[in-house]
Amino acid sequence: MKLIHRGLILVLVPVAFEFIFVGTLFGMMHQAEMEVARAEKAREIITHLNRIQRHILVWVAGLSPYASLSGTPGPAKARLAANNVKEEFKRLRKVVSDEPEQLASVDKMEKSWDDGVKISVDIKDAWSMYSLFNSSSGLERGRGLMSGLLDYSDAIRNQTEKIENESPERQAEIREYMKIWLSFGLTLNVVLAVALAFYFNRVTAARLAVVVDNTRRLAGGLPLNKPLRGDDEFARLDKVFNNMARDINVLAEKERALLVHAVDVICSLDADGTISDVSPACEKVWGYKVDELLSKRLMSIVFEDDQNATLERISLIKKTNADSTFENRIKRKDGRLVDMLWSLNWSADQKTFFCVAHDNTERKNAERMKQDFVAMLSHDLRSPLNSVQAFFTMLREKVYGSLNDKGMNRAASLEGTVSWLIEMISDLLDIDKIEAGLADLDLREASLRDVADRASEALSNLADESAVEIVLPTNDAKVLIDDDMFMRVVTNLLSNAIKYSPKKSTVDVEISQAEGYVELRVIDHGPGIALENQESVFERFKQIKESDTKKHRSSGLGLAVSKAIVEQHKGTIGVTSAPGEGSTFWVRLPVA
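The numbers in the working numbering rise by one with no breaks, and the one at position 379 of the sequence shown is 362.
Don't take each hint at face value.
[Stated by the list, open to error] DSS-like, lysine-lysine: derived pairs with alpha carbons at most 27 Å apart:
1. Lys347 with Lys381
2. Lys272 with Lys316
3. Lys209 with Lys279
4. Lys222 with Lys237
5. Lys316 with Lys(-15)
6. Lys60 with Lys101
7. Lys24 with Lys60
8. Lys302 with Lys279
9. Lys(-15) with Lys24
10. Lys334 with Lys272
11. Lys209 with Lys267
12. Lys302 with Lys272
13. Lys24 with Lys209
14. Lys77 with Lys94
15. Lys209 with Lys272
16. Lys69 with Lys101
17. Lys267 with Lys279
18. Lys316 with Lys347
19. Lys162 with Lys73
20. Lys24 with Lys73
21. Lys487 with Lys461
22. Lys91 with Lys101
23. Lys145 with Lys162
24. Lys222 with Lys272
25. Lys24 with Lys94
26. Lys267 with Lys302
27. Lys101 with Lys77
28. Lys145 with Lys94
29. Lys73 with Lys60
30. Lys301 with Lys314
31. Lys91 with Lys69
32. Lys101 with Lys145
33. Lys69 with Lys145
34. Lys461 with Lys553
35. Lys316 with Lys302
36. Lys77 with Lys24
37. Lys94 with Lys69
38. Lys222 with Lys279
Quick caveat, the hints were computed from the structure, so don't treat them as lab data.
Work out the full structure: start from the sequences and follow the hints.
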């Protein structure tokens, strides 16, 4: 049964009983009123009977032979009394009209009266009345008249008096019943309401207790109670809760599977840095079993040189309540060090750090190898190559004597190759320096048009050799840049555009300004770039077209260097192109 139905029953049953109770009470009150009316009616009947008897006595007295001797006209007085008797009979008949038995007695009584009235018709004067009543027949008739009237009157009176006498007792009895019924009804109504409330409360509480117990069971990881039967709100709530619990268990199983099979170490630390939980990956990454790390302080396995920095970062994360990452080294159980990249989140509500520790050893080793490689490029390659380049320069200048034409051409070719290698090494070193944030920018407000003019002037020989015209912008915009570094970006873009443009074509440089940024575009009419290659052209050692690498020798680092410089200026760089339709390389910088 639904709650709304239980509520209706809880309200309607007492209300229905109230209707019955009040209806019965009204019935008793009506019965009491009927008894009062019967008593009043009985008294009214007796009153009319008394009046009839009094008027009959007056009528008899008026017919007496001595009535005239007293100075009162007897027949006139008798006729008046007879009329009054007739009127009282009418009133009496009206009163007992709904009582057949009494109405019959009144009819008989009135008939006897009518017979007596006929006697008075024969009376002419007082002496004839005297002779009538002194005669044996007259006396007999008078006695019969009075006897009939008295008998019928007594029958009505006795019946009426009985009603009148019984009425107070009946009224008292009804009042007593009303008191009893009132007390019983009120008591029963209260008991019924309390019983219904208790029953529904017990049923509701029992079903609610199952749902509440299920929440405790779910929190404790215990199996849930059997689903509630029925289709009420609690059954539906229990069904939804069971479905939710099932989904939570599925997610928990997936989460446990992720934790068990995760490559990274996932753990939680309390506010003091003690490990409260850790995933099984710790055994593979750190060499410790889960039981060996629980209740152990994290600092006990952090490399000594990294402990202070680690404590400072953890304290900062706790203070700022923000996610953060940092690196340190962990001492494995076998004594080896592993580089770890930590991601921490502090939960103030649970007073717990939630951590993900990624084994960063391979990346660190790669960075070390890269640093060694860069150092090798810088010291072990660039210096000897500079010496080789200087040697070829001296050969061309005939410092060591003259060479024939073939030797001079060969020396010039080798000098170009060495210059290309030195340029590539310089680009690699510059990219690493810029990406590492070690390149200091000397930011000043500058004119983009001036930068484009200087880059065009620097590439004028290349443009003339390629028969390509550089069309510079007529408008200008101010930007905050490092002049020398940004000059390198524009030079790289123009150089690529010239190399890949057909002869007798143009390379257009345009400047436009939008809300919040300035855009510089370098537009060529070359072969274009396919959509799938447009992102990769900014990667290291990527050529726009593999077939062009022989025609245009390039380190493949120009666009990568340009991207690093633009991003260092908080800008963006990109290309818009389609095969056969040329390319538009654009650079967007914040407004100065």
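The hints, checked one at a time:
no.	hint	verdict
1	Lys347 with Lys381	violated, 49 Å
2	Lys272 with Lys316	holds, 10 Å
3	Lys209 with Lys279	violated, 41 Å
4	Lys222 with Lys237	holds, 23 Å
5	Lys316 with Lys(-15)	violated, 63 Å
6	Lys60 with Lys101	holds, 16 Å
7	Lys24 with Lys60	violated, 30 Å
8	Lys302 with Lys279	holds, 23 Å
9	Lys(-15) with Lys24	violated, 57 Å
10	Lys334 with Lys272	holds, 25 Å
11	Lys209 with Lys267	violated, 42 Å
12	Lys302 with Lys272	violated, 31 Å
13	Lys24 with Lys209	violated, 73 Å
14	Lys77 with Lys94	holds, 16 Å
15	Lys209 with Lys272	violated, 39 Å
16	Lys69 with Lys101	holds, 14 Å
17	Lys267 with Lys279	holds, 18 Å
18	Lys316 with Lys347	holds, 20 Å
19	Lys162 with Lys73	violated, 41 Å
20	Lys24 with Lys73	holds, 15 Å
21	Lys487 with Lys461	violated, 32 Å
22	Lys91 with Lys101	holds, 15 Å
23	Lys145 with Lys162	holds, 26 Å
24	Lys222 with Lys272	violated, 41 Å
25	Lys24 with Lys94	holds, 23 Å
26	Lys267 with Lys302	violated, 32 Å
27	Lys101 with Lys77	holds, 24 Å
28	Lys145 with Lys94	holds, 25 Å
29	Lys73 with Lys60	holds, 20 Å
30	Lys301 with Lys314	holds, 24 Å
31	Lys91 with Lys69	holds, 14 Å
32	Lys101 with Lys145	violated, 33 Å
33	Lys69 with Lys145	holds, 26 Å
34	Lys461 with Lys553	holds, 15 Å
35	Lys316 with Lys302	violated, 31 Å
36	Lys77 with Lys24	holds, 11 Å
37	Lys94 with Lys69	holds, 11 Å
38	Lys222 with Lys279	violated, 43 Å
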